[in-house]
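Participant: Sequence:
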Amino acid sequence: MRLVGPNGEQVGIVRVEDALRLAAEADLDLVEVAPMAKPPVAKLMDFGKFKYEAAIKEREARKNQINTVIKEIKLRPKIDPHDYGTKKGHVERFLKAGDKVKVTIMFRGREQSRPELGFRLLQRLAQDVVELGFVESAPKQDGRNMIMVLGPTRKKAEAKAEQRRRREESAPAAEAPAGETAPAPAAETTEAAAPEAQAAE
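Take the sequence shown: its position 101, counting from 1, is numbered 101 in our numbering, and each next residue is one higher.
One or more hints might be untrue.
[As the list claims (entries may be wrong)] List of simulated lysine-lysine pairs, PhoX-like, C-alpha gap at most 20 Å:
{"no.": "1", "residue 1": "51", "residue 2": "74"}
{"no.": "2", "residue 1": "100", "residue 2": "71"}
{"no.": "3", "residue 1": "88", "residue 2": "71"}
{"no.": "4", "residue 1": "57", "residue 2": "74"}
Keep in mind the hints are simulated off the structure, nothing from the lab.
Kindly generate the complete structure, drawing on both the sequences and the hints.
Facilitator: Given below as structure tokens:
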């Protein structure tokens, strides 16, 4: 097998028994990292430490990851003003929450010969919510539909990500056993009772 040292240095091609002996002498583990290679590749390492560091990196990656949710709103090209206002309100709420919004214009029958109606409607919507979002994907025809994607402004998205990180960081404290936090309320009760005792005197 081809052996790699603990610091990534190439030891060379050695017999398995020799690799095991080197691992024992260095108080390390012999881990096969590329079993399908010819010859197979193994590395000398502290496997417990390796797994621990890998878990830490994975946890950090999850914490810093921004999970973007895509909401969808469907409109008709000849939507009435009241319905438009309702749909626009939904879009504004989604953007405020830091979510992307996929806006779909659905054409029916003869409406398919008037794509400009859908285009104008999407332009109008984008302008109406310009303070909350931006056009991430310009209007484009998709079969019988026309689609546009709106993204939240960067500040909103960053604020949502920061809120999520804070919730994740505070979760372990919320899960602490009730017995650990019990003394604090008791101290407050004692202090609150003091004025009553003085009044009794």
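Participant: Hint by hint, note whether the structure agrees.
Facilitator: Evaluation of the provided hints:
no.	hint	in the structure
1	51 x 74	violated, 47 Å
2	100 x 71	holds, 6 Å
3	88 x 71	holds, 13 Å
4	57 x 74	violated, 40 Å
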